[in-house]
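Participant: Sequence:
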Amino acid sequence: MLMAMKIQSGLPPIVLLALLPSFFSSLPSAQDFDFFYFVQQWPGSYCDTKKSCCYPTTGKPAADFGIHGLWPNYNSGDYPSSCDPDSLYDSYQIEDLVGSMQEEWPTLACPSSDGNKFWEHEWEKHGTCSESVLDQHSYFHSALQLKNKINLLQILKGAGIEPDGGFYKVSSIKDAIKEATGFTPWIECNVDEARNSQLYQVYLCVDPSASRLIECPIFPKGAKCHREIEFPAF
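With mature numbering (1 follows the signal peptide of the UniProt record, and there is no 0) applied, the sequence shown corresponds to residues -30 to -1, 1 to 204, in that order.
What the hints contain is simulated information worked out from the structure, not anything from laboratory work. Mixed in with the good hints there might be a few duds.
To be verified - What follows is a set of in silico ranges between Cβ atoms, one per label pair, in the way DEER data are often shown: (1) Leu123 x Asp66: 21 to 27 Å; (2) Ser70 x Lys139: 16 to 22 Å; (3) Gly192 x Gly130: 33 to 39 Å; (4) Ser179 x Asn86: 40 to 46 Å; (5) Ser46 x Asn121: 28 to 34 Å; (6) Asp60 x Ile184: 18 to 24 Å.
Everything numeric in this text was worked out from a predicted model, so none of it was measured. Each residue gets a CB set at the ideal place from its N, CA and C atoms; glycine is no exception.
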């Protein structure tokens, strides 16, 4: 790179060295991103599959949407991942949040755990890519605050959409969430053992400060839903 600059510019090496800091500061950072996906997951759909689920060691979670993650993304549809291998998950940094995280951000993966492995994965894969804005504590705290602001179950129940094993139009689910939040969600489905398409995850987009909802610049690619989908009990 330096040789190329020397050849193209004809500047002496000492001048080129002086220019390097400003040159590299103008390059895109690996931790730059445009927005977050804030993703909430319905536990009944996670468990109602061939793979099934395991309750956390702290007990069965409440029958409510739980946080899956707060994921930095680019407007292009790509996303950064595992940006800082030196920034390891440290449970001591979030001691004051653990009680809330066990309630609002539980893991249903097998084998049963207390959640720390799940949160470690979320921080090291996704959270480290937002460190220019949020430190570890702020990252998890911001996700909890968003969850408190966006009560999906209450929103859907208010529109007559209940987790009762019934089938509902995807358009009705989207309309209910948009009417309540002001922003268009993206709905991800999975399938149960009978191959019924069911409400699995809801994505909403958040600004880079993780403080306010925005319209999604782009929707993710994922499992498409049928026109009508099941909302299973949990």
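Participant: Each hint should be assessed against the structure and marked as holding or not.
Facilitator: Comparing the hints with the structure gives:
1. Leu123 x Asp66: 21 to 27 Å: Given about 25 Å between the Cβ atoms, the range holds.
2. Ser70 x Lys139: 16 to 22 Å: For Ser70 and Lys139 the Cβ distance comes to about 33 Å; the hint is violated.
3. Gly192 x Gly130: 33 to 39 Å: 26 Å, violated
4. Ser179 x Asn86: 40 to 46 Å: 26 Å, violated
5. Ser46 x Asn121: 28 to 34 Å: 31 Å, holds
6. Asp60 x Ile184: 18 to 24 Å: The hint (18 to 24 Å, Cβ to Cβ) is violated, given that Asp60 and Ile184 are roughly 30 Å apart.
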